[in-house]
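Residue numbers (my numbering), protein chains in the order written: chain P, 479 to 1053; chain Z, 15 to 203; chain X, 21 to 302.
Mixed in with the good hints, there may be bad ones.
[Claimed, not checked] Below are the DSS-like pairs computed for lysine-lysine, each with C-alpha atoms no more than 25 angstroms apart in a straight line:
| id | chain 1 | residue 1 | chain 2 | residue 2 |
| --- | --- | --- | --- | --- |
| 1 | X | LYS251 | X | LYS173 |
| 2 | Z | LYS198 | P | LYS578 |
| 3 | X | LYS251 | P | LYS561 |
| 4 | X | LYS173 | P | LYS578 |
| 5 | X | LYS251 | P | LYS835 |
| 6 | P | LYS561 | P | LYS578 |
[Unchecked claim] FRET-style restraints, in silico, Cβ to Cβ:
| id | chain 1 | residue 1 | chain 2 | residue 2 | range |
| --- | --- | --- | --- | --- | --- |
| 7 | P | SER779 | X | VAL215 | 33 to 43 angstroms |
| 8 | P | ARG735 | X | GLY250 | 51 to 61 angstroms |
| 9 | Z | GLU199 | P | GLY788 | 46 to 56 angstroms |
| 10 | X | ALA266 | P | HIS787 | 45 to 55 angstroms |
None of these hints come from the bench; they were simulated from the model. We put the CB at the ideal spot given by N, CA and C, even for glycine.
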Amino acid sequence: MGPVDEPLVEVDDLTFRYRRATEPAIRNLSLAVSRGEVLLVAGPSGCGKSTLIRAINGLIPHAYPGELSGSVRLEGRLTTELKLRDIARSVGTVLQDPAKQIVGATVEAELAFGPENLGVPRGEIRELVNVVAGEAGIASLLGRETAALSGGERQLLAMAGVLMMRPRLYVVDEPLANLDPLSAAGLLAILRALADRGDAVVIVEHRVEEALELRPDRVLYLDAGVARYQGSVDGFLRIADPREVKLPFDVVLSRARAGGLAAEPEPIDRSPLPSGPPAPVPDGSMEEEPARLEFRAVEASIGDYRILHGVDARLGPREVIAVLGPNGSGKTTAFRTAMHLLPITSGQILVDGADAKGRSTADLATIFGYVFQSPSQMLFARSVREELVFGPRNLGRDPATFELLMANALRRTALDQLEGILDRPPLSLSFGQQKRLALAIALALQPASLILDEPSAGQDHQTAEAFVREVLAIPGLESVYFITHDVDLALTHADRILLFRDGRIVADGPPKEVIVDEARWRACNLTHTTLMQANARWGGRDDRFLDAEALARRIVAAEGAVLDAAEGGSVVDAG
Amino acid sequence: MSSMTMSRSNLWEVSSRTIVYAAIGAALYGVLGLFDFLLPGTGNVSIRPAFGIVTFFGYAFGPIVGLFSGLVGNAITDQLHGYGFTTYWNWSLANGLAGLIAGLAPLYLASWMSGAISRRAIAGAIAGAVGAVIGFLFVFSDIWVGGQSFDAVVTGSYVPVVVADVITAIIVTPILVYAWEPVKEQLGR
Amino acid sequence: MNIAPRYLGRGSWLARRDPRVLVLVSVLFIMAAIQVWDGRIVAALLAVAILYYRSAQIPFRDVRRNWLAALTLVTLVVVLNTLLTGSRLEGVVVHPFFSIPLLGTVVSAESLSYAATQWMRYVGMVTVGFPVAFCVAPSDFGATFARLGVPEKFAIGVDLTFRFLPSLGADYQQTIDAQRIRGYDPMAGRGGPIVRLRRMLPILTPLTVNAIAGAEDTIDAMDLRAFGTGKRTWLRHLRFERADWAIVLFFLGLAVLMTVAGFVSTSSHLWTPQLLIDLAGG
Ligand SMILES: Nc1ncnc2c1ncn2[C@@H]1O[C@H](COP(=O)(O)OP(=O)(O)OP(=O)(O)O)[C@@H](O)[C@H]1O
Ligand SMILES: Nc1ncnc2c1ncn2[C@@H]1O[C@H](COP(=O)(O)OP(=O)(O)OP(=O)(O)O)[C@@H](O)[C@H]1O
Ligand SMILES: [Mg+2]
Ligand SMILES: [Mg+2]
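Given these sequences and hints, build the entire structure.
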């Protein structure tokens, strides 16, 4: 323990290049964090956030070989001279993917892992486990097997495992990535409490709007490895680009008023979706056209767990539908049953009005393109080409058409811009590119509808938005159904929202209707984003929800009109 | 720490990296080991695609990882089958030895393990085959453990299992080398 | 697909023992059994094994298939030995029943009793093996090995293996799903072994590569929690109680007894029932 004024961590003119990389991942970074402080690190995907984290917790250079210049000091001592074991005592890290961080088979084992390695006496570990489980709000999980935990529960457990080490500095890498809004707020509260207690926190987060609830003392905005901004939150909100970072709406608005918004994005060409029946409306009033996919009192179980308790829904053939709901509420499971990947125990599933029982998954795949949450799960071939023709070949399509199929699929996913893409090993693509490839693979089967499981998970605001826009712009695609935790993304892009909770659908309707019932909204672990509030206040009468920029523009325009009118009026008076 | 071109010196090093790879190899064997099909014409010998995991892990991550993957991996499948890992311990050890010998490739295939990926893939196939042929010699311990006759072990165990596993190793190991190397490059560790 | 180990004996008397006991017993029993060829003694050992097994209270319906598979395997091996080589009867006077055409091996009173004895031996080993599979909590194996004196890192490796099993099982399922969505089913259809092996690759490859790639984070996470840098505590506390000692000593005694008997008695020689010899017309 040094004197209180001495910073816990002090990064000085740090530059690092990974051994196999040609460019440094971070350049000339300098920062200092003292006790009780919170530093928020933001920036687009691939900008070097995790690299900075690795430099602070000593993985660089201890675990990642590469070219390092500058220095990182923990309580005055150089990380290069400390052992990881010693660093681990003062720095606690929560990695980007909690599932990978958990090494214990049971919750206790996971919590105990750190202290066990430090040789802490058994008795002490036992006490600590109970204390920490309480702090992290996972006391109810004690005794559970880690493999059966939901995404949210895993995230909290990973955090708790670090709390067990009682470090003085906490570095957390995108802790909110796969949390529903309520669980996210819970995690931020834990971090805030740590800072208030005198520990320091460095948090990396894409979901800036939510991360601000943590009341960070300073923000570091990285871009391409260099610090583009470092300083107070207010200063950051003044310079940040709402396209790159998700900002509170009032910030976007004031930016718009100051004329500080970039040019209009090219509007999404959504033909032929809007064509077909008049503006898509909630189920009931479209009986004339059979639903593309209909659940009737569908129940399903995994092992002994009953997961779906009677799901009823009609998904129209020309709709964009977003599925929201708490972690573990059955969203993914529901669509797995629809694709016959999981048998239903009772109820009925209809496709285009006909009972789908007896149809094979492959057969259904020609109607529904299904894109998994984690793309790499399906990539196995030695080249993108093999990967793309794998499906059509299995379905016995005419090989003569393959070239055209591939060309189209790649163009629609903007992958054709990467030269030599067809011969690249799929797994050597970046995460975002792999996600697009997964989409291309689905498109190669020429489906009429798409099912996307969490298209925005773990991607920065801009990438996520772009991904969804591209999908919606795909010609010949009739309908898109997507699962997400990003409320604004869902509300702004969907014609209709399905709210899942405890294996049931508790709400079904256009965005503006679904959000009316506050209690129900919160019961689904959802929060009221500033954009929602803004839409409620300024949004037009039509069903559509506007994204932050569009809404801000509309408001500014309206205000402008009012001004002109006022001036005009005054002139008249004068006359 | 590039594993394919592992130098002789750190062949036997045991870091957390070694342990995690070993555990994953064993677990994969456990998961995939339940899936197998009888080799026609033999009673008790089946083709286990999972065996390719053992030879690949040995080849890619070293003898320790190979040994552990085979030993613990086969023990786990026995656990899942219900025999318990002790009953056929000698077969588990034989699997482990196969992985270990595949992992010693740098000692007898060094020249092949550098250069084009195709060469490294072929080297993987060879190492896997060598591992199977030598490693499974250990099943002759059944002569003492099970009181079996030499001929019975040869005709009933060794030959069929080696045939099956050499085929598996030759097909699976190179394909995994091809799939893994680009990813390793990307991870850059 | 759920490939997590099944902890069926939970709560039974045997499951409440120190897990090291179950492992040691199995090892000691094997040591005892492999030294005996007198069928009468082997039968006695089998009886002991069965008594021991019953204390595990493993619900039979849950393991019926496992038993079926185990017994089939054992029987196959034994039959193969007998048919192929008339068993190992160097320097034993045999009373033949008949000799098998083609193979020409002689089926005799001796080879039959040999087969029977060998069969009982294997079944005995399997019987004491089952509790190891079903009466040790999966999360206990790490500590068990550590306290059995195997290297710490090996023990942690075992612990990790059990941790990875269920999650890899889930990934396995997901990978199969992902391929089925592209009109691919690894389990469907016939074909020779090589065809079926190749059909497995679109599952095996992504599963393996993703597991390894994902391991990078796991490795970091372990390093960051001071793994393998010094003497470590095991939260799971294992202590031998009187009952544990009793069991282990009993089976140790058994092993020792059989070793001694091997020297001073005929227990290590094949015993053939007079009845069989008479039948063979000896
Ligand atoms: N092990 C590695 N070897 C080589 N290059 C790497 C490695 N890890 C990351 N990189 C590269 O360094 C850059 C920064 O990566 P980093 O993971 O820090 O980005 P990030 O800001 O955390 O992105 P994300 O928000 O997607 O997590 C990227 O271009 C990435 O491709
Ligand atoms: N293989 C499995 N074994 C046991 N339970 C499972 C399995 N897969 C999922 N579950 C459980 O089923 C429930 C629903 O899972 P599902 O993946 O559908 O949730 P989700 O709504 O997609 O959640 P998330 O938003 O975290 O993806 C969860 O409680 C989960 O724990
Ligand atoms: Mg990152
Ligand atoms: Mg899901």
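> Which of the listed hints are not met by the structure?
Replying inline: 5
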